[in-house]
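Use the sequences and the hints to build the structure in full.
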Amino acid sequence: MQDGSEMSRTTLGGWEPEESRAQLASELDAMRRLHELTLRLDRTADLHDLLVQVLDAIVALHRADFGNIQIFDRQRGTLRLVAQRGFDAAFESDFAEIGVDHGTSCGQALAKGERVVIEDVATDPAFARFLEAARGYGFSAAQSTPLHGVGGERLGMVSTYFRQHRAFSDTDHRLTDLYARQASEAIVRYRREEALRASQTRLRRVIETDAIGILFFSLDGRLLDANDAFLRMTGWTREDVASGRLGWRDLTPPEWMAQSEVERERLAREGRAGPYEKEYLTRDGRRRWMLFSGHDLGDGAIVEYALDISERKQAEAALRDSEARFRRFGDASLDVLWIRDAQSLQWEYLSAAFDTVYGLELEHAIAGNGLTGWLELILPEDRDLALSELQSVALGEHVSLEYRVRRASDGQVRWLRDTMFPLVDERGRVTRIGGIGEDVTAEKETAHRMTVMIGELQHRTRNLMAVVRSIAQRTARTSRSLPDFNQKFADRMDALARVQSLLSRLKESDRVPFDELVRDELRAQGGQVTLDGPPGVLLRSSTVQILAMAIHELATNAMKYGALAQPEGRLTVRWRLEPGLVDGRQRLRVEWIESGVAMPPDADTRGGAGRELIERALPYQLDAETSYKLGRDGVHCVITLPVSQHMPRGS
Amino acid sequence: MRVDSGLVDCRILVVEDEYALAEDIRRELIEAGAIVVGPVPTIHKAMRLVEAEARIDGAVLDINLGGEMVFPVAEALRARSVPFLFATGYDSGRTPEAYKDIQRIEKPVTPGEAARQLGRLLRSVRA
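Protein sequences appear in the order of chains X and A. FYI, in numbering that gives the first Met the number 0 the residues of the first sequence are 0 to 650. FYI, in numbering that gives the first Met the number 0 the residues of the second sequence are 0 to 126.
No wet-lab data here; the hints were simulated from the structure. Fair warning: there could be bad hints in the mix.
[Claimed, not checked] Footprint (simulated), chain A over chain X, 3 or more residues, beta carbon under 8 Å:
1. 453-465
2. 468-477
[Claimed, not checked] Straight-line C-alpha distance at most 30 Å; calculated DSS-like pairs for lysine-lysine:
3. K44(A) / K99(A)
4. K487(X) / K443(X)
5. K628(X) / K44(A)
6. K559(X) / K487(X)
7. K99(A) / K443(X)
8. K628(X) / K559(X)
Every value quoted in this text rests on a predicted model; they were computed, and no experiment measured them. Each residue gets a CB set at the ideal place from its N, CA and C atoms; glycine is no exception.
Below, the structure is given as structure tokens:
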């Protein structure tokens, strides 16, 4: 640019009017182009286009042979090539990125933070490394002007190159700076807009989310806008929203109105509301559960985020249902169902039967120490076993255990049969212990009663056999022959069998009435017999057998030799209840009166077995008073014996 | 020549609520040469006898007396060091621990068995 610098220098000399006019025209032209550039930059949306236009404008201004424009990479602290003019593809790759330590004009300008002009690259020592390249491209002068923001921040670099040596006038620099300023402002504006666009894109994407409904309300509660997610959740259409006629009140079921008002008031007062859960109306009138959170945007709008939690609510309701079902199930059981934590051994669940079985209030027990509280109720001698078994269940064993507790409410000892089992998590670890405690006290008592009853049965049977043997011996002693023995023995066995069957029909608390006993024995007899006495005089069970045998002997004798053996004979059996004279206990007085009997001469010697029973066995065994007399026309026998304290039935 | 029953002139208390059985035992004891105290059918009467009798050498006790257990009588006899045996319809499992060592004859008692067992018992005590 030897010529150019010469020319520039000569401007200070002669030719002034001509020179001034030309310079003025050139400056006007530059200003016009600057204006055009400004207008273009305003309309350019793409940073690359924008920078290319700046480059072209400055290349034209400088009437340069080459040019490039770079943008500053804030992260790396380097300049990256955006566009070039006049160079080739090799240049683009060789000078793609330039650092501060780079000797080129732009590297130097970057390092210094101000414009660098190299009028002759051959004489600049810093440029020496690139001299070959410069010759290759054919330029010998260069300038680089940094692009700065208002605050001085580095934005980029615009450089021009000249085949000839080139000198710059102040006007050149001033104009260059004006261009550069325009470029810088455009870059800053572009970056700001880009950031805004990015943030808007981000915001739009946020709003377009599938999961969360976003609603915008006016302060008076009209729905201004809503995202697609909300429309999908509720079935409302964009037209519904756009109509401006929807408000939160239209979307809220009546019973949720009050709570929503409260949240609205809070929003007005504190600028935010929620998160709160409520039901929402869909377009077709169904309801969805939603979680809301809102805040005041400060620009006359309120935003609310809505999360559809219907499924969670359904799951919760199902869980509550299942829980309630389980509790009802547990509480219906007469057994104590329980669950303990396997670590602490504390109760987590107890069914209602706990109250009755342990005699302790369930809430009280759950709240207290579920281990020591429980152990204290167990009888000391069963305590160690109960604890060690419980611990073995915590280690994974199944156990069925019987132990006794002293019921807290009334001090009664209850037998419990507790079936305990480990409850494991998905990894097979015992996290809880479950158990079913059955009150087996009644079962135990029944078992005990059964043992007693079997014992009693044994006692009676063996006694009966002893009685049979005794009757056999006695009958043998008084029999004249074997047929005589057979007859008498069979007879007595029949009587014994009758009374046994009478006794076996009885329930535990029943008693045999005396009249039934007499009728049983005299059933076959007709008009010769008179029975005279109140029905339903109850006999003690222990007296029935021997009394029946005594009546049997009397009847047998009467039929063989007495009133019932002769047509003229009569038998009256009369009985009355008498107050006890000695001990105040009621006694039964029975009279057996035979009459109209022609007494045989040997009457005294007959019926010995009957007499012994009446005169000796009844007093011995029943504490009875008896008399047995042979009158002139028949037997007269009186038996007075204690009877059951129970009142006669029906009296 | 009769074998020594071990009961000759011994005063033997018989407690049995069933008249027929009491009579059987009384009869065989008398045949064995014993003097029978009782028989009585209740605890009450038995206790009165134990208190009243200056000398009792042995006893046959029915365990179940019309639902009452004979053990108070057994206790009173033990206090006087009188040997006795039980006549019972129960299995041995039903007798309390305190009387496990007392000899038992099981009902129905074979005729003569009560006198035989008691005679052996008294001989062993005397020996």
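Cross-check of the supplied hints:
1. 453-465: holds (count 9)
2. 468-477: holds (count 5)
3. K44(A) / K99(A): holds (25 Å)
4. K487(X) / K443(X): Between K487(X) and K443(X) the Cα gap is close to 47 Å, so the pair fails against 30 Å, i.e. violated.
5. K628(X) / K44(A): With Cα atoms ~28 Å apart, K628(X) and K44(A) stay inside 30 Å; holds.
6. K559(X) / K487(X): holds (12 Å)
7. K99(A) / K443(X): holds (25 Å)
8. K628(X) / K559(X): holds (17 Å)
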